[in-house]
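Chemist: In case you want the letters, here they are:
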Amino acid sequence: METVPRPGPGVPPKKGKLQAKRKKPRRYWEEETAPAAAGASPGPPRKKKKKNQEPRRQKQNSHNSEKSWVSKKPQFTKKSREQKKPREHKKPGPQRTLSGAQDPFPGPAPVPAEVARKFCRIDKSKELPHSLPKTRSKLEVAEALEEEISVKAARSELLLAEEAGFLEGEDGEDTAKIRQADIVEAVDIASAAKHFNLNLRQFGPYRLNYSRTGRHLAFGGRRGHVAALDWVTKKLMCEINVMEAVRDIRFLHSEVLLAVAQNRWLHIYDNQGIELHCIRRCDRVTRLEFLPFHFLLATASETGFLTYLDVSVGKIVAALNARGGRLNIMAKNPYNAVIHLGHSNGTVSLWSPSVQEPLAKILCHRGGIQAVAVDSTGTYMATSGLDHQLKVFDLRGTFRPLSARTLPQGAGHLAFSQRGLLAAGMGDVVNIWAGQGKASPPSLEQPYLTHRLAGPVHGLQFCPFEDVLGVGHSGGVSSILVPGAAEPNFDGLESNPYRSQKQRQEWEVKALLEKVPAELICLNPRALAEVDVISLEQQKKERVERLGYDPEAKVPFQPKPKRKGRSSSGSLVRRRKKVLEQEHRDKVRQSLEQQKQQKQKKQKAKPAGARPSALDRFVR
Amino acid sequence: MKAAEQSATRVAEGLLALSQQEELVDLPNHALSASEDEGDSDEERKHQKLLESIGSLDGKKRWKLAERSEACLKVSEFNVSSEGSGEKLLLLDLLEPSKTSSSLAAVKKQLSRVKSKKAVELPLNKEEVERIHREVAFNKTSQTLSKWDPIVVKNRQAEQLVFPLEKEQPDFAPIEHVLSGWKARTPLEQEVFNLLCKNKQPLTDPLLTPMEKASLKAMSLEEAKMRRAELQRARALQSYYEARARREKKIKSKKYHKIVKKGKVKKALKEFEQLQKVNPAAALEELEKIEKARMMERMSLKHQNSGKWAKSKAIMAKYDLEARQAMQEQLAKNKELTQKLQVVSESEEENGAEEGELVPDAVNEIQMCAAGPNPWMLRNCNSDANDEIQKDPEQPPEPVVQEFCEREEDETLGTEEEILLREFEERRSLRKRSELSQNAEPVGSQATKDSSTKEVLAELKALTQKLNQKNCQSQKPKVSSVRTTCQVQKQECALEEEEPLLLQRPERAQTLEDLEELGHEEYSETKEIPGLVLEGNQTERAPNNHTDTPKGKKKKEQMIDLQNLLSTKSPSVKSLAVPTSVEELEDEEEKHQKQIIKEAFAGDNVIRDFLKEKEEAVKASKPKDVDLTLPGWGEWGGIGLKPSAKKRRRFLIKAPEGPPRKDKNLPNVIISEKRNIHAAAHQVRVLPYPFTHHQQFERTVQTPIGSTWNTQRAFQKLTTPKVVTKPGHIIKPIKAEDVGYHSSSRSDLSVIQSNPKQSSRHRKKQLKKNSID
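For the protein sequence lines, the chains are W and R, in the order given.
The letter at position 92 of the first sequence is residue 92 when you use my numbering, and the numbering goes up by one with no holes.
The letter at position 280 of the second sequence is residue 280 when you use my numbering, and the numbering goes up by one with no holes.
With the rest of the complex left out, here is chain R:
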């Protein structure tokens, strides 16, 4: 009942408010229609409203529009409704006139057109627009930046970065690889290609043509080398000759030319004489030539003081002695030239020639001898040559050189070897004779040399033997003597030092090839000698150590002694012929010693002491409990009174059990558990970033990087700096071109985004292509 009353009052109040509103709203209307039936309509409406409000008390429909039932002047705008006929009011309906007219069709069309177009949407507000812009910009930039991701990752993982950034150097591919990938593309290339094909030239392989191969096969490398060397030599000789000729041509000295001319004349004369001997007919021709020259001279006025120069001299001759002389000379020359040829006596010439030849022979011989087939002789002879030169100091050194040249030429020719050898033989014999006459030492020829060296060696052998004997002799008395003095030792040392010097000599002589066999024999002999000597020394030393032992049994005694010192357990020892008495003696000794030891260590028990020490150490290293009991707190305290067990238990903080001791299972060891703080200061105590456990980090630092433990290359690799900068260069920020991206190409970017790995591979390929091109 109560609730109903309340609701009723509420409704009433609402109605009141509504009615007031109506009144307010209706005020203008009211003013307009004040003249007409005021009271009736007002009341009626009020009544109607009341009915409606009562009808809507059920809560479903609170507001019901008034229905217009009759036409009136006053139309409330609030009461207009489309519900009248139960269908929606369309715009067309409004336009539709009561009667149809064509004029309205255009308007209709326009209207339909307007209707078909959608209405323009409202512009978004500023914040939203900005947000969208931001999003778009972010996407764009992240896209553009994401292409750098692989590069950033690569650089982060790179072992070394070099700044300023340089484009990757293309790998130096072998030329074969480059050529194998090459193909003729341009028309020119193709043409060349065709040409090569036609002429059977190698195309892809830059190898030799079949012709070249054949030619190469025809001549071996060695032959080719020899030929080349010959050619080189010839060329060199030619150039020398040319240079010499040029130089001589340039010489302006008249005197020189005079001498040269004279020399030429002499040479011609000589040749003529030789010709006379060999070929008289040719000589006659030559003679005729000379005759002709004489005739010419007689005919001409060349040396008859009629020239320009002669005339000027004639003027000067009155006063100048030199000029007079010059004129005289010219005249003399004329005379000489016009003189008839005289025959020279042959005997004189021969003598002269002999004299001229003999002198260089002595030297030549040695050289030629060296020029023989055996190159090893060369050095030897050279060494001897000094002596030779000393023997005949009057010899000029030039001929030697000349002869050398000759010899070389001979060698190159190669065919005249035998002839030359014969000549040498003759000369040698000649020289030998001369030397014999001079009472000089017979050194130089091969045969004599052999004999001499043999003699030397024999002497050496004898000497060494003598020395050895001496050693033995000197050692024997030493052994017999009771004590060696320092002096004797020194002597011995001196002897020992001398020996190797002496012994080495035959070995040096061995370098001669001719003496090789002999040397071998000698060597084997001498080889034995040092061993013997050493042995002698050894045996001599041993008795020094044990003067009391008899000399004869020396060796045997030593063996026994050594074995005695070894333990007798090994079977090999027993197999030896050891006298039993000695063994027994040893056993006795051992027993005796054992007893001594037992006695010595009877008192101290080493093991017990050690265990005690260990116990103490263990105790000391154990973490101690903390006792926080306060005696006398909460109970009686004083001397002789102990806090109760319960209390003690309560206030005792037990130390945590430490890790087990390292020497827990090692009874004979005490390992200190103390931490080495000084060493710990050098240890790593902070884990670096990506590691989460110390074991991981330890694994990465286990390889030593020092050069002591690594090869040089490995060391360099291990210690390469992470970043290398070139001094004095500007480090510019990275660009797309640096990495191989082309900023313009969008497709590239998309590829990168889709699959960075593939893209990188692709890039590499591109790089390679570039390098190949």
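Excised from the complex, chain W in its bound form:
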């Protein structure tokens, strides 16, 4: 009797027996009359409930339900069902089970095509050269496999129970006016506990860093105060004074190891505050970044060197001279592990450890760069300069500013959240901008939230998997609630906030086994899945040289000698000429067609050029 709708949580479970007796129980063989009622049940509760966002949520839900019930079944599910059919015995009516009950939803669950498309990686826009049947069959197999896998992945999205929510103003209310106190008051106790301030005025402005799981927080004050704590439970792991200026602090791959950039050298501490290493090859480090998949600690120094330290083997992988003077602005691109350095001449340079020169240099500001941040998808880069401008760049090949804004006071620190919110620290105020959705750039028109702190901001970071922004300032450290900042669903195998020690150890071994070599860092990581055409051609050339002929070259037409006096040299020449002319004609025809197409394209492009559209920025 599990299908019988249960009473709500408010109703006390009183006299269950009597109730059951009175009510006419539903027999299990009786068919369900209203199967649609199950679908209309509300989804799981969200992370944070706010009174402001209630109407929107309902709307979303209704929309979702419409999608799942009204929409036509997508193509591929049909296909898959068809594929499965021949296995079953064909019967005219619906299959009956032993119990006599009928499946109200026969067949596999439908998967919306848009969701599945999200997981498709094969770029079908490119035209393939003509392929042989054998090759074609292979391609078809690959495509079918991809489709199947994408459907599987889309189906597993059902398991992502949590939804992200945003703060929404009641008809025209500016969300920036909502103070932290209001938010804290509105949210549940557990979430309200995530807002706190640490008043640490003694040891100067603080830099801070969250561990990858978002569970631990480390902060270091300029006057030597270093502390690490489990910020959710507020359990202190260690607190030391290194008796030296602390420039930056960063967790390594797990919360056990801490890298602290001190006045002279780079030091590594464990979670008990015991100094494990003092790395003297990295001296006068100003900024630290850790690349978790490559196990690389990137350090930018006052001497102008960008040094990559492999923390798994303790070797320095590369030391690159940026030739830009003192380096004190650094950000990592989480998508491709490229390091972005900001320079005083208004440029941002992108670095990889395997290339001695910058992969790209972008002129962003007229003045020097003050801060750089890259969003988690690697699509957008936010920069702020001494010219008091805040710009958001598109990193997908065009490197053009998508939006720019002049701030009354230049943003000294920038940070992107997992869902693409942009936080900027200007003096003692933090502004947060939000975009339309996850993949859209933050619109700099209206700030989403603002918050004033006890002192000028010195460090900013969004906490992973928690709607929290950590701010280090001269008055200590404070964590601010920013609804909708973080990814609501975490990958339990990759970065699990609730993992135990044993799980962490297991993960560590796995992560080390899956370590990505440092050489693979490049601007477009998908290019690694392509064939190395240059060396392929080189090899071909070498082979031709070695053999003395090109084995794959098309042999020129040689007419076959025919018997009975018809293979006179004259006729042979004639036949050869005929074939050659035919080929030539084909070529000419093709080129003419191409020209025609180009002309058409140009004609098409012309009217578009007359009136520029929003999509023009993607045209190279």
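Hints listed in this document are in silico derivations from the structure and should not be mistaken for laboratory results.
These numbers come from a predicted model, not from an experiment.
It is possible that part of the hints are untrue.
Okay, the calculated bits of chain R under chain W, using three or more residues with CB under 8 Å as the criterion [said to hold, decoys possible]:
| id | segment |
| --- | --- |
| 1 | 271-277 |
| 2 | 624-633 |
| 3 | 696-703 |
Cross-link-like lysine to aspartate or glutamate pairs, in silico, DMTMM-like; alpha carbons within 25 Å at most [what the hints assert, rightly or not]:
| id | chain 1 | residue 1 | chain 2 | residue 2 |
| --- | --- | --- | --- | --- |
| 4 | R | 717 | W | 127 |
| 5 | R | 662 | W | 530 |
| 6 | W | 599 | W | 127 |
Cβ coordinates follow ideal geometry from the N, Cα and C atoms, glycine included.
Take the given structure of chain W and dock chain R to it, following the hints.
Modeler: Relative to the frame of chain W, chain R by itself:
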């Protein structure tokens, strides 16, 4: 003329040669006919030949057989010809005699028979025979092998091959499918079928019969479950009882049995007394029974030291004290049994009973109270029960259990609930009185409990309020103080930590169902409190940040400050009541800042520098031309002399134009064109076999196969090994039976050859049939 002469000489020579030949040939003849006219015939023949040869000079007929015109002894075998009469010579003609004779007819017949039969052909030579054999053998083997073609193709295209080869597992079809396809075939089956039909049993559907359905409908699942549970319980109880009885029966201890007997007797006595009270008539009967027993005892010699055992004891009694005692006991028993019954005083008994009952009551009450209709009370009372037990430690725990059993029985009966409740009420009142007399705390009864909890809650409320007040008080002086010290902060922290503990308590009390409503009220109140507290903290923190701002305007000030930091462009900002003076101030500040910036960057032209850098980069990345001119070669060389332009042009090898730069259309970007050799080492540089273009291959490797990007199932599918071998198993070569072919059937083979696809389908069908059967 010349040619004619030559031909003539040739002819002459030929004739000469011929004549010589003739002579040679004719030698034997010549020898034979040497005696007769030699000279005439010879000459004549020669002449004839000469004539012939001359006649055949025109080239048409070179050789003309001589015609025999007259009979002669000498017949040249070369001159025999069939041309004489102008018709062919037949064998029959030869046989035909001049005159007909019958004897030759048989021979003729034989001859015709021989003629009708064709002649046996010559056997072919060895090489040809062998070739033909080879061809035939090839065809045969290719035929037999071609049946494997579809299998080979299938195996080549298969995603996974498992060795050793196993026959395909039949699909596990649901039983419905199997049954729906089933038909009665054998006579036995048909008979059963008929029987089922007659009795209206379900045939194909293994569903319930109408009768069963009706019965199921009559009883709901829940009822059935309840009934079943009851039955189970009864069975269990019975089994317990049986086991106990068995165990007791097995006990050999005499002492135990004595005690049991005594107990029984006592029980009987008690019952008798009760009977006396309730039903005197029955009691009289009982009395009679007892009387009868006494009589029997008196009559019998059972306890009169006359038995075997008694006699043996009597012998021993002289020496053994124990034996003597035993005898004495027996006698005493006899006396006891034969004694006349005496009436017991009632008052004493009552007192005893009361005492016996009172003790367990104290505990019972709690349990019974728990046994009430509210299951939520159970836990609560249990927790209290500890206290109770501590209060009266003299109570044995056994009665509790007994009472439990009783209670359960009562529940099952269900009808006596009300009576029991009344009893409990009485007991409770009794106990209360006793407790009052003992000056103990009034805990236990529901009413008192309610009151007590209410009191507790009230206390808590008061406490929290007090605490809040304290907080406020402690915070106020803090605000007033200029600087907060660490100690004060710590105190605050401590307070904050304490608060939640205190605030949580009423929530815990909420678990009691009776207190639910009360708890709700309480909860709503307490819920408000933390918010207030937090707010207090917040407001307290804010002034800490800005000690100079006056306290009263705090909120308003903050808003203004925030908006100041935002740009003034947005309309929403203007709609706010922002003092104009502040705006002006901000504008001034902005202007001032702009000026500063302009001044700061007046000197360096960032853009020009960047363009310069880019130009350099472009230049550096361009492929360089190779100049092979040798100055001074073929003309004058030296300082200040340059090779001529023509020569330079001639020996300059122009580098091919590379692909366009990525940043050609991006003025603000320099993208490095350098190839990342280290990364290229990890890239694929050889195209695998069926691919002819790298784009084709790239398309097949674009989907990631790692578990990070895929679901577990997808990952497993993507990484299945091509070939799986079972360790420790012999991999035998494939057989026709493995694939489903029957090697004997020729028809199958032919079908396969004609249409492999159809055949495979056919095979599948066969497999399915097998599986169904």
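Chemist: Does each hint hold? Answer for all of them.
Modeler: Going down the list of hints, with the structure as the test:
1. 271-277: Three-residue rule not met by the segment 271-277 of chain R, so violated; n is 0.
2. 624-633: violated (count 0)
3. 696-703: holds (count 8)
4. R:717 with W:127: 28 Å, violated
5. R:662 with W:530: Between residue 662 (chain R) and residue 530 (chain W) the Cα gap is close to 18 Å, so the pair holds against 25 Å.
6. W:599 with W:127: This hinted pair holds, its Cα atoms lying about 20 Å apart.
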